[in-house]
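Chemist: Listed below, chain by chain, are the residues.
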Amino acid sequence: MESKIFTVTIGGMAGQGIKASGILLARFASRSGYNIFTHVEYPSIIRGGHNVMQVNISKGNVAATQSKIDFLIALNQETIDKHLEELTPGAGLLFDSDKKLNTDNVPETVHLCPIPLAQFAKEAGGSDILINTVALGAVVGIMGGDLNIMFKLIEDEFGDKGEKIVASDKKAAQLGYDFALKNFGHKFTNPLEPAEKGEHKMVLNGNEAAALGAIAAGMQFAAIYPMSPISNILHVLARHQEEFNYIYKQPEDEIAAMNMAIGAAFAGARSMVATSGGGFSLMAETYGLAGITETPLVIIEGMRGAPATGLPTWSEQSDLRLVLHAHQGDFPRIVLTPGDTKEVFYTTMQAFNLAEKYQTTVVVLIDKDLCESDQNYPYFDYSDYKIDRGKFTMEPTPNYKRYADSEDGISVRSAAGVGNFFIANSDEHDEYGYSSEEIDNRNTQMRKRMRKLETCAREDMEEPVLHGPENADITIISWGSTKGAILQAIEKYDNVNFIQVKWMNPFPTQALTRMLEKAKYTISAELNYGAHFTGLLREKTGFVVDDTLLKYDGRPFYPKEIQNKIEEVLKKGVSS
Amino acid sequence: MTTLADLATPHQPNWCPGCGNYTIWAAFKNAAVEQGWDNTNTAMTADIGCNGHIVNFTKINSVEGLHGRALPVAEGIKMANHKLNVFSFIGDGGCMGEGGNHFIHACRRNHDITVVIHDNELYSLTTGQTSPTTQQGYPTKSTPFGNPDKPFSPAALAIASGATFVARVYSGDIKNLKEILIKANKHKGIAIIDVLQPCVTFHKVCTHTFYQQNTTPLPDDWDRTDKAAAFMKAMEFGENDIPVGIFYEVEKPTNESHFPQLKQTPIVKIPIKRDGLKEILKSYS
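So the protein lines, in turn, are chains C and L. Mapping to my numbering: the first sequence position 319 is 319, numbers consecutive. Mapping to my numbering: the second sequence position 3 is 3, numbers consecutive.
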């Protein structure tokens, strides 16, 4: 069964508070008992460019960006012009009746909802910021929502700004609500009518999930240089550092970030960095330093589109090969690819344990669509999580050998200041860390380090997840943020399933080979030009997919596009 | 108590006979013995270059990292465990060239670390190319017709960038270097020591004799708190006119002092707690 999804889009100029309003609407819908999924589109400028936030609301599953609009809140002309074609028959268009906006081209099937937004904002307290609150109040009125839920939300969100602000926001919402209910309420169904009382849910995006996951995992040091789309990770971490006794430091560049994180880990801290592809390219030099010195390090890499500055505020999955291969020489690296906000939270926690257990780098590879799309979930439960610091001692140990050879490749790690002498040496080194270029030592140390990956594959690597029916005519194979769109797309088919791969290194070769043996027709879907994963799959398993679905325009997969592909294959008949 | 034997490793220095690195190493070890620096209270980071090999000959926990990147590693160590004495040994090539950005920001943020610049005015491990401190006109392998570029003064750059302790000393003056290392370590904030170090193999002008004849100690009544005068003095570098001593020394808030969580116990020694996270998760509803 396909879920019914109601899509509200808010558009305006950068600086008009589009994102804040979208979050408020998403929280409102969540508190009213619905599932939500948001998507933001904006250019890389602070004021003036076209900003859009899509809020999808459903009683059922909703985990993907939609290619339609059921209700459009247009704060400027551009929003109307750019999104006309997405409006569904019977959709609503809310705009400021006092602004001379041109709606001549709007199809007749669309209900126009002109409201004196600025005038009401002035009445409520004066400032233009309230325009959005008036509009949200109107949406609540039009869609059968409960204004008291909005009032409570305003109190929670703006309470720390003082009673006056709360009062004027409430008034603004009330004015919008009354006017809209009276004039347009009858034209729509009630997609925001409070649903049966569900549990309280969080509305959060992948950035927030990564930051909170790091705190839950006992992170002690983070150095992060701002970069879209991961900056929000550092905003969250910077805020809570005193309370949880960790350090967040903004460094001068990404090179310094990773070197600082290595220094902190050398002193014994659970340590992390976060960046996007460009910043990771700068970190490439230091990536291998962590590898050869066996320093645990969690790296959150939020991919954006294209090389160089590229598509800085759009999404792509084109850094997979980068994180798998960056840096000269060989060293063991773990690369994980969570598929939604919840997985980002738990994968980040897992990454800290893996980094310390295997004393190496763990990349959590996400993308802009994961970083900045909100979903709602019951409160994450981390009570079962045990902080695993692996073979690690903070006690003085006689004849300590930091890099002693071992069966599983893992030696006992210690920290500066403990009294256990060792060198974290970027030169190849012996078991104490002294530089050594001897043949036997090189072979021993190299094999020891690389053996950690074999241990990891044996003890911790997870098998891919099969979604949908066991036996299917079409098997979609994919990774990362595409999960939501694929799950939504295949809901209506009983002959299509989906293999989600969450481990890129080490790679689940055996499990995938076994799973793919049953597949009749395989489509590899990913958001890049170079089919990074498709190639990796072939390299690791010898398996050649029947078909690919690739996209690299910065936009996510829309479920419709995946369904079109499925239809195309079904039409020509499945035979592989 | 630290003895010289405690600091010894099974490895003997492989620097060229007469290299300035020997006396820097000696001065550091003497300071360590005098001050009791050991593996319970001290850590080092090193650059890549001849100087970086110091980690193999000194039994103190260290990171020998990447060319030009010793400073951010040291900063990370200090933030994670602010009770440690942290020293960075860097070269003029690595940290003035490849790592110049780290250098100015380390000074600006006033991390509480001690930075020893092995300043031999050359890239020597790669057999003698021009560095950011090579004098203009001096011929090197990369500038056979003379270095066209003007050098800068690491000490002046440090003062301009906000460092709070800046000194220059000749590497052969072991006693003074030891005293300055101790003072630098006691100083709250970043301490930059520009050590004039002859490269006996590749530098034909900046020899031991050259530095012995051309360095002049700062006057006894030098005002170390006068930033403008310190900057001007640090810019002086010529025949019979290479001032040495502590140019500048002031107390300013350190990087570490800005973190309330670093008031007492080092971050790495505080038991990890996650109480309160539930409340934060609730704020997302």
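Source of the hints: derived by calculation from the structure; they are not laboratory data. A quick note: this is a predicted structure, and the numbers were derived from the prediction, not measured. Quick reminder that beta carbons are idealized off the backbone N, C-alpha and C, glycines included. One or more of the hints may lead you astray.
Using C-beta positions, here's what the derived DEER-type ranges look like [unchecked claim]:
no., chain 1, residue 1, chain 2, residue 2, range
1, L, 141, C, 330, 50 to 58 angstroms
2, C, 308, L, 141, 50 to 58 angstroms
3, L, 279, C, 105, 32 to 40 angstroms
4, C, 570, L, 271, 55 to 63 angstroms
5, L, 271, C, 122, 36 to 44 angstroms
6, C, 378, L, 275, 15 to 23 angstroms
7, C, 387, L, 5, 47 to 55 angstroms
8, C, 509, L, 8, 42 to 50 angstroms
In the PhoX-like style, the derived pairs of lysine-lysine whose C-alpha atoms are separated by at most 25 angstroms in a straight line are [what the hints assert, rightly or not]:
no., chain 1, residue 1, chain 2, residue 2
9, L, 175, C, 152
10, C, 386, L, 183
11, C, 152, L, 183
12, C, 342, L, 204
To be clear about the criterion: a stretch of chain L counts as covered by chain C if any three or more of its residues have a C-beta under 8 angstroms from a C-beta of chain C, and this derived list gives those stretches [unchecked claim]:
no., segment
13, 212–220
14, 228–236
Chemist: Which hints from the list above does the structure break, by number from lowest to highest?
Modeler: 1, 2, 3, 5, 7, 9, 10, 11, 12, 13, 14
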